[in-house]
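Student: This is what each chain is made of:
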Amino acid sequence: MKNLDVALHLRGETRFVDDLPEPEGTLHAVAVPSPAAHGRLKRLEIEGALRLPGVRAVLTAGDIPGENQIGTILPDEPLLAEGEVDYVGQPVALVVAESAAAARSALAAVELEIEELPAVLDPREAWKQGLLIVPPRTFELGDVEGAWKQCDCVVEGTAESGGQEHLYLETQAALALPGEHGSVKVISATQSPTGVQRAIARVLGVGMHDVQVEVERLGGAFGGKEDQATPWAALAALAAVRLGKAVKMVLRRQEDMRSTGKRHPYVSDYRIGLKRTGEILAYEVTFYQNAGASADLSPSILERSLFHATGSYYVPNVRATGISARTNLPPNTAFRGFGGPQAMFVIEGAIARAARELGLEPAEVQDKNLLREGDTFPYGMPAAGCRARACWEEATSRYDLAEKRRRIEEFNRTHPLHKKGLALMPICFGISFTNTVLNQGGALVHVYTDGSVGVSTGAVEMGQGVKAKIQAVVTRVFPIDPELVRVNSTTTLTVANTSPTAASTGADLNGKAAELACRSILARLLEVASAELGTAGRGAEARVDGGSIEIADGRVLCDREPTELSWQRLVAAAYARRVSLSAQAHYATPGIWFDKTREKGEPFAYHVYGTALSEVTLDCLRGTYDVDGVWAVHDLGPSLDLLVDRGQAEGAIVQGVGWLTMEEVLYREDGSLATRDLSTYKIPDLHAAPRELEVRFMDGGPNPLGVFNSKAIGEPPFMYGIGTYSALRAAMQAYRPELDLPLAAPLTPERVLSLLYPERLRELASRPTAGTTP
Amino acid sequence: MDRSIRFLLNDQYVSTSLPAGLVTLDYLRQERRLTGTREGCREGDCGACAVLLGESAVEGVLYRTVNSCLLPLGAVEGRHLVTIEGLNPRGADPPAHPDGTEGPRPPGSALPPLSAVQECFLVEGASQCGFCTPGFVISLTGYLLRTPRASLAGALDAVAGNICRCTGYASIRRAVARVLDHVQAGSVASGGEGGAGGDGEIEAGRLALLVELGVVPRYFLEVPERLRGLREGEAAGQAAAGAAGAPAGPSILVAGGTDLFVQRPEELARGALRLLSRERGLSGMRREEGRLVIGAATTMEELQILPELAQSLAPAAAALQWLASSPIRQRATVGGNLVNASPIGDLSVLFLALGAQMGLHSVRGSREIPLESFYRGYKQLDLAEGELVEWIAITPPGADAVLSFEKVARRKHLDIASVNSAACLRIDRTRGDRGAASSGGSGSGRSGRGPGRILEARLAAGGVAPVPLFLARTSAYLTGREATPDTVRAALDAAQEETAPISDVRGSTAYKRLALRQLLIAQFLGAFPEELAGEDWR
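Quick note, the sequences are listed as chains A and B, same order.
Under our numbering, think of the first position of the first sequence as 33, with each following residue one higher.
Under our numbering, think of the first position of the second sequence as 3, with each following residue one higher.
So here's chain A without its partners, still in its complex pose (with noise of 0.2 Å):
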């Protein structure tokens, strides 16, 4: 089925905030950043900004009408910096203008005195200072001091992984609207409208009803916009209301690169324990979690690191442990995957060291400890319908691991300055909130008197495709052509209360809504059907509930053979007879729970499972490397949209791959940004992304709590990219096998040949250094 809205993108028509039209006299709005990591806000001086041509106001927390507050899991978060700022960029005033241009130029004319606090970028320098967003936590399985005496090997060490910009194309927007009565409506790109509408009512100090959030669609969001569309939606509300006109605020690229918070960078300490075998006995790992200013997301995220400490495994003994340390550096936030990707980052780093240690192929590590059904995870729920076996033995099978193992040693035995290396990835994520609160969907579903569908539904369409799912959905409840349905805007006129569109859930949450009103409709459909061919009485309720009344291909059968009554006739009917054509449905996953006094429960509805190759080719001279190919197996099961589903997983997987290769996010030592443009910050173009990209998908199982017994696809094949890390870990090893390369990610051409050549580093290091700095 071709997606309705690809066409719109391809003819350049879809419209996104900043391309609507504004309404007349619209103003436009820009923050006033904080030059300081951290400092007392001594003095703010806005007279001289007001004087400037253009500007009609400039806000600061004194201007906020209810509470200048937005955290969305701890309330410490302003809107508007007050007495104190925390991080380079953070918003302390905000100017609004006729245009943007105007807006921009007078930042400058706002003055601010800081007097400079020591700010903290680091996590562990955050930790030993008591510098925390919650107390630490702790999931425990087993003994694990008790298991480290039965170990043949124990590898303990420090794994690093960097933060990673979200990169969505569509940078931060919102376009907020007065209304009468001091309502307001806000357009805002957020993957969460009722986030955006609960903080919206709290720093105008109206109730929820007064807050209209809408959302068409985001340019990308990637988790950049579960909690961080939010400031400057509400910032262009407060400017709304204050002025009573209609206030847009887009970022550019550099404000939003320089304000918004990335996936969370983490230090990991790890250790361990292993039999001859490859057997894992034991393992500990404490993450330290750089959670920037104020907690944001992070606490939900330390969380899923912790339900995924063990990766793809089954570990008897386990202790892992999660400090979530309070910096001087934007609030770092979500960011596909949530945590999952550093806690797996650790553990195959850990194995890959083991396996060294003991003599081991990784793979041969990672093959003896996959989990089987019934294996019991850390948090205590067992493994069920586990398919990482099957995920595995397909994938070396199909692309002939061994074959490629042998092309591989003979190209690095003819190749001194070049070598290829090969490493599997598997993986096992858990799918639902973690937060079990969230995992409710909720639809709308009208059809109108020609036959036709509006649906609405909380999922928030952002390029994964969830507006086509949910049509397909619709289609399969109403046999009828795709090009009647049509998957409205997310607003909480129609939804309300939505759990953001994030957890890889918004179409198994939102599509089981979705499919629960449509059912309601079609079984008064059927009675309509019933009744309309005549049937009417006892008979014709035996009828429907025997099945022989339905719809296929927009017609109604009876015994499976055409009728008169097409769909379009059926639903006029259905309207003559004052039958409600309309269904509002709720949807919340069943049997999931989690108690966090002990740490145990069963919080995911199901696993997603998989396995990638990844073969990289590195150039030793040079520290520059091709990614040959990325070759997965994933647990998907029967797919709604192919093309969708495909393209989700080949888009995380480059992204995973990003994550730990090019991509580099650095900041000075005064906590300000210095990867702050396109040109600094490289993500992969089409020629860094993998040369072979092939994603096959298994048939599942019965997944009863997926939509259509599909598998959630947003977040999983991201941590296929840990593959090619190990793959790239491999071929310099390969360079230089006597060297213990440490696991520290980026691996930027920096860093591979700064590793691949330690001794000249160090002599070149201590030559004198140039005395001027351009």
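Calculated directly from the structure, the hints in this document are not laboratory data.
For each residue, glycine too, the CB sits at the ideal point set by N, CA and C.
Some hints could be false.
[Stated by the list, open to error] Counterexamples of contact, computed for chain B against chain A with all Cβ distances above 12 Å: (1) 119; (2) 153; (3) 221; (4) 316; (5) 374; (6) 390; (7) 392; (8) 429; (9) 484.
[Unchecked claim] Covered by chain B, per the in silico footprint, the following chain A stretches (three or more residues, Cβ under 8 Å): (10) 486-496; (11) 652-663; (12) 780-787.
With chain A's structure known, arrange chain B on it following the hints.
Tutor: Structure of chain B alone, referenced to chain A:
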């Protein structure tokens, strides 16, 4: 005097009195509400704002893909500006309803049909969030318009400057391959490959074919004629470059503008500009007393496709394609790259190794200086007020020379270098043959020949000093020496002695030193594979 800028915007003549230095992206989005052209970065690094710029040529129209965020409105004067909206003009009869009978029209049915490129992207699902998508369509369409013999590799290169965060590019590659199949099949069916020759303008026959194949809409056929109608206006282009409301005073020289519009957009939007890319005398190449003289406004793309030059510079010329994306290459000029004086300027380093001379001109007269004396300090040039770089001259390396260019960056393609280097080594290999004769093929493990002698060496590097640096002492050391591993080690040391990189976002001091060492080794290995075989450089 009419100070307005006139051009053909999609299928309509338009004129504007906005400043010539306003970037076209802002004009399109804010003045024309053509919002399919998107702002992704405002620095030419993402391609979301790509547009086509068509220019009257001898046979037809030459279409370039350019980033509208770096394109001054003045550069559009007299041209055909094509945005994504121009590929699906309204007004064509909508297709009939599929079943013709009951029910509402399916959404989208009232829209004009998709172009062939769009159709292939649709079939392959090569679009997810859709923000970057128009840029890809434009880039590929532009490639097909200016490339008589389209190839898959060329087409992929044409979209390589477009960043997509959603798809991972796999579906885009499949879509591009599908487009190529469609166009190649169409070309064969029409009984030819279209016009012969290299890249460039599209003449009537090939244009008709692309219209037939659905690559561009029918109104493109009338564009050559309609552009001729604008030509008279072009003479006014220089006047227009000052544009309405611009303050009087000395004009700002803008060549490609691909860096200037990143660094100083507000100033350029207000200022009076002299658009050098419109001055024909400054581009192109001529032979003069054994030298190749390249006009300063010659674009990187032209540099790449000038056959004579490409031959002389091979294999370094191949690297040009990696240095910048296709839309940047269409605008960025040789002179601009040199004058920009970035310490890691790729062309600067290449031309330093080639021993380039620069021709400078002002009202006071002309002078010629070697490129290495042009750079005096960080962004400090030997260029007087009012003086203009007119040309760059090189003597093509002879048959006995080996030219190489090396670069490392965070991303292999289309990234700014951490360190780059170029070397031009003239080598006497005959000595080696004599050595072989006298030693009688002793079992040295090499070919039995003695090492070649370096007759002349010119090495240059970027990212290791405040300026693109000619490695004078290293070059002098090498000249006249035999290419032995010891010579190379001494040269590596000499190079470190005369460089002093700083730590910045593109790498630490130590890394840049290491990278310089490695790149030089790579260059020596390329020039002397036999002499240096078996050496361990770890």
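Student: Going by Cβ atoms, does residue 119 of chain B stay more than 12 Å from chain A at every point?
Tutor: violated (8 Å)
Student: Counting residues of the region 486-496 of chain A with a beta carbon closer than 8 Å to any beta carbon of chain B, are there 3 or more?
Tutor: holds (count 3)
Student: Are all C-beta atoms of chain A more than 12 Å from that of residue 429 of chain B?
Tutor: Its Cβ never comes within 12 Å of chain A, the nearest being 21 Å, so this holds.
Student: May I ask you to check that residue 221 of chain B keeps its beta-carbon over 12 Å from the closest beta-carbon of chain A?
Tutor: holds (16 Å)
Student: Test the statement that residue 153 of chain B is away from the interface with chain A: the closest C-beta pair must be farther apart than 12 Å.
Tutor: holds (15 Å)
Student: Tell me if chain B covers the region 780-787 of chain A under the three-residue, 8 Å CB rule, please?
Tutor: With 5 residues closer than 8 Å to chain B, the region 780-787 of chain A meets the three-residue bar; holds.
Student: Is the claim that residue 316 of chain B lies outside the interface with chain A correct, judged by CB distances over 12 Å?
Tutor: About 20 Å separates residue 316 of chain B from the closest Cβ of chain A, which puts it past 12 Å; holds.
Student: Any Cβ of chain A at or closer than 12 Å to residue 484 of chain B, or is the non-interface label fine?
Tutor: About 22 Å separates residue 484 of chain B from the closest Cβ of chain A, which puts it past 12 Å; holds.
Student: Does the region 652-663 of chain A contain three or more residues whose Cβ lies closer than 8 Å to a Cβ of chain B?
Tutor: holds (count 5)
Student: For residue 390 of chain B, which was marked as not at the interface, is the minimum beta-carbon distance to chain A over 12 Å?
Tutor: Holds: least Cβ distance 25 Å, greater than 12 Å.
Student: At 12 Å, judged by beta carbons, does residue 392 of chain B keep clear of chain A as stated?
Tutor: holds (27 Å)
Student: Minimum Cβ separation between residue 374 of chain B and chain A greater than 12 Å?
Tutor: holds (18 Å)
Hint violations for this structure: number 1 only, all remaining hints satisfied.
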